[in-house]
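**Q** Using the sequences provided together with the hints, build the complete structure.
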Amino acid sequence: MLKQAMKKIGFGLLLLLTAPQVLAEIRWNFPEPVTPMALDTLHVHNKFMLIVAVIFVVVLAIMIYSLIKHRKSVGHQAVVDKAPSTATEIFWTLIPFVILLVIDFVIMGIPAYHSVVMMEDTKNESDMMIKITGSQWRWQYEYIGNTDKGNQNGLVDAKGIKFTSTLSTPQDQVNGTVPPVDDPKSPYLLDVDNRLVLPVGAKVRILMTSTDVLHNWWVPQFGSSRVAVPGFIRETWVQVDKAGTYRGQCKELCGKGHGYMPVVVDALPKAEYAAWVDLKQKEINAQAAGADKEWSKDELIAQGKAVYDKNCAVCHQVSGAGLPPAFPALTGSKIATSPIFDASGKYLPDSHLDRVLNGIRVMPAWKALLNDTEIAAVITYERNALGNSVGDVLQPAQVKAARQ
Amino acid sequence: MSTTTVAHHDEHTDHPTGIMRWLTTTNHKDIGTMYLTFSLIMFLVGGSMILGIRAELFQPGLQLIKPDFFNQLIGVHALIMIFAALMPAATGFANWMLPLQIGAPDMALPRLNNWGFWLLPPSAILLTLPFTLALFGIGDGALATGWTFYPPLSIQGGIGVDFAIFAVHLLGISSVLGSINIIVTLFNMRAPGMTLMKMPMFAWGWLITAFLLIATIPVLAGAVTMLLTDRHFGTHFFDAAGGGDPIMFQHLFWFFGHPEVYILLLPVWGFIPQILQTFSRKPMYGYKAQVYSLWAIGAMSVVVWAHHFFTAGMPVPALLYFMYSTMAISLPLAVLFFCWIKTMWRGSMSFETPMLFTVGWIILFGIGGLTGLVLADVAADAQYHNSYFVVAHFHYTLFAGGIMGIMAGVYYWLPKMTGHMYNEKLGQLHFWLTAISFNLTFIPQFFLGLAGMPRRIPDYALQFAEFNMISSMAAFVLGLSQLIFVYNIISTVKGGKKATSQVWEGAEGLEWTLPSPPPYHSFTEQPIIK
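Going line by line, the protein sequences match chains A and B.
Number 293 in full-length UniProt numbering belongs to position 293 of the first sequence; there are no gaps in the numbering.
Number 210 in full-length UniProt numbering belongs to position 210 of the second sequence; there are no gaps in the numbering.
Any given hint might turn out to be false.
[To be verified] Residues of chain B placed beyond 10 angstroms of chain A at every Cβ, according to the derived structure:
| id | residue |
| --- | --- |
| 1 | Asn114 |
| 2 | Leu170 |
| 3 | Val176 |
| 4 | Arg190 |
| 5 | Gly193 |
| 6 | Phe211 |
| 7 | Ala296 |
| 8 | Asn386 |
| 9 | Ile436 |
| 10 | Asp459 |
| 11 | Leu483 |
| 12 | Val486 |
| 13 | Ile528 |
[As the list claims (entries may be wrong)] For lysine to aspartate or glutamate, the following DMTMM-like pairs were computed, each having C-alpha atoms within a straight-line distance of at most 25 angstroms:
| id | chain 1 | residue 1 | chain 2 | residue 2 |
| --- | --- | --- | --- | --- |
| 14 | A | Lys72 | B | Glu508 |
| 15 | A | Lys82 | B | Glu508 |
| 16 | A | Lys82 | B | Asp68 |
It should be emphasised that the hints constitute simulated quantities derived from the structure, not laboratory data.
Where a beta carbon is used, it is the ideal one built from N, C-alpha and C, also for glycine.
**A** So, in structure tokens, the structure goes:
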């Protein structure tokens, strides 16, 4: 352990010494912008940085000159500042004020004004709308549909597509039991199971909200970042002009999983986007059919494990042991072992199904995040695995009925 | 003659000794000493917390600290550094130096002064107790929402949030009491002939600070109380389901929070010109301009709060207003910078430790101020906001602009307070280590932020590894260098070369007319200002 740490420190020192070689790989500014907003932001940022750098260097130079020349050790005698004449005083006060006013409100202020107006113009000329919902600790994407302009432009309407996007880095790496793996295809902490897919060149109006606490949807290469506020709709927009995969993260502290809810967006050319929409819609139809069919216990448990590991294990742990007192154990828990339905077939308050559907305190309401099959599967899994053996099976059809 | 009179009075000083002296004291110097000691201790506590964070962030992957504990450390670090290290340090100087600088025998309200200090230790305990309770299985640790308490996360949180709310209440009461005391003292107890426009700059800085505290602390107290009732008594101030709004909390919090930045900085802006004139051997330039600028900054600080959450969503006119008003603060601040540099210009400078810290302070605080100007831009702020760029920015203003300023003040006044000269070589070593490692810690964080690393994350993507490693190593050097500071202070208190009354060749002002250390009761004969 110590030896490893020493090696790391040695590496760090080496890095400092060989800085020029490493510099080439390190990013010194915003990543490459791919939306008009990010491009604008980069220009504004570069310009402002240049201005403040010039101010800094000029003032520092004057100060350093003074520090060298006006020191006691070189025999400089202090001069008494004489009060200037009123005219001179006014002149010398006005000049810096005017310079600063021009810098603040003209050189910086005017481009800043245009950026703000552009950034907040979410509605005009938009082609489609999506809704992004933040939850602890995942993003939910819902395609609301095309605008008239989008339809005129021949954009395929993705209306109705809806899915949840969760970190896909393996839990053992996230927990630190094994070191992070450098995989360019699925970068550590920056990859998800379901990516948001957007058509290249379309202006996408984004409506944003949250189911629990504040989150902030941010992709650095898009230049847009907006807080998701529970109970309110916030707006922003993106127009990705270059095909590719773009990654970002939540940037509003949202609890212990804050570092683990990345944003990944695939921007696809129109034809590929249309193919993706088609595929997704077929999947949805298949799922709807799946909710009505009768599932076997083994099928449910198999799918339930996948759902559990992805969504529940963060708090309740892979083993079901939980992290008491904040996150209770599921193994042997009263809720996970007591009956779900009363005699008439209605689900009981505080039953397993009630808790998963509606949540309580820190536990999210999963009805907004998982479909009927997933909820049925995960509940069946929790009752028949993780050290529990209740033996019953919850069918997707029952979940569907419970939602009504 | 006056010295012997004072010494004569001192022999008759009748006060308890030992622990009772400190518990019951109403003497401004004793209380000032307690404030400063408390501040130093809490500075080390808050610092060690962040070294834990930097150790975790040394390399990617979770090694030392679990995410929920990580979130507790960052929030408590900030609360301790702001409320228990920086603010008490400034109040400590106020207690020690304001009466000496205006020729008053003590503060106007000595018992209130004692009470104001003794509220601090309980609040520090309230802040940190949940860590200990969690070890015994009670609750789930301290406040894990960051120091800003944003709901709904803070409504979800555990008992740590309640503890922090009560800690903030106590700290707030303490600050308001201290402010009342300072305002009353400055308005009523100045030596005859000292008009307001002849007051030392430090007194001006603190006067405006005191007004800002009285104006804004009640807003914070109200906001956290609303949070408390939302948590426990079913109100819905910040819950949309009951007609409330989570963002309203941000407005209330930052209505306090932005002036708070100036509350931390104005006292420093007060004594920095005094240090400059001492070591430039030349009266400070533009006294009136500085006073007016301090007032302007104080007034503007309460009308720019929403620039802390541009990304939370606001109408365009509000965005533009808060952007332009924030930029406007650069005008009075530029006047201050101009006056500071003009004070040095064509002086006869020497670079003892207080002057080194002051010069370093001007440069580094300049970086903090200029990056703040850039942050005001709403569009670019979408990128900077809550990224490491902001972390670097506010450490340039609060560590360099706040704590390094306080250190300059400590070295400047320590000989006056203790009667001994500190070790100059160690002081200079402390300065250079602090300045260099500070920059190595935070310059990489500017680039991390630009590259897209959000703040408050316990683990990060591999592309951020190099800069984080440099930052962590430098942070440990920065932290360990402060031990030199502590050692230097302790050894100066214990002994050392005797300091003269004037201490510094170029020092001017009433505090330098008294012997070092000043007698327990000073100015028993009122000085007259001509």
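**Q** Now tell me if each hint is right for this structure.
**A** Checked hints:
For B/Asn114, the requirement that its beta carbon stay farther than 10 angstroms from each beta carbon of chain A is met, with the minimum near 38 angstroms. Every CB of chain A lies more than 10 angstroms from the CB of B/Leu170, the least distance being 25 angstroms, so the non-interface label holds. Here B/Val176 stays apart from chain A, with its beta-carbon at least about 29 angstroms from theirs, past the 10 angstroms limit. For B/Arg190, the condition that its CB be more than 10 angstroms from all CB atoms of chain A holds, with the nearest at approximately 25 angstroms.
Every beta carbon of chain A lies more than 10 angstroms from that of B/Gly193, the smallest distance being close to 22 angstroms; the non-interface claim holds. Consistency note on B/Phe211: stated as away from chain A, and its beta-carbon is indeed over 10 angstroms from all of that chain's, at 26 angstroms minimum. Chain A leaves B/Ala296 outside its interface by the beta-carbon criterion, the shortest separation being 12 angstroms against a cut-off of 10 angstroms. Its closest Cβ contact with chain A, about 4 angstroms, brings B/Asn386 to no more than 10 angstroms, contrary to its assignment away from the interface.
Every beta carbon of chain A lies more than 10 angstroms from that of B/Ile436, the smallest distance being close to 12 angstroms; the non-interface claim holds. Its beta-carbon lying about 5 angstroms from the closest one in chain A, B/Asp459 breaks the requirement of being farther than 10 angstroms from that chain. Its beta-carbon lying about 20 angstroms from the closest one in chain A, B/Leu483 satisfies the requirement of being farther than 10 angstroms from that chain. Consistency note on B/Val486: stated as away from chain A, and its beta-carbon is indeed over 10 angstroms from all of that chain's, at 25 angstroms minimum.
At roughly 25 angstroms, the least C-beta separation between B/Ile528 and chain A is larger than 10 angstroms, which holds for a residue marked as non-interface. Note on A/Lys72 and B/Glu508: the hinted pairing holds, with a Cα-Cα distance of about 18 angstroms set against a maximum of 25 angstroms. For the hint pairing A/Lys82 with B/Glu508, the CA-to-CA distance comes to about 19 angstroms; that is within 25 angstroms, so the pair holds. Between A/Lys82 and B/Asp68, the direct Cα distance comes to roughly 60 angstroms. Violation of the 25 angstroms bound is thereby established for this hinted pair.
Comparing the model with each numbered hint stated earlier shows that hints 8, 10 and 16 do not hold.
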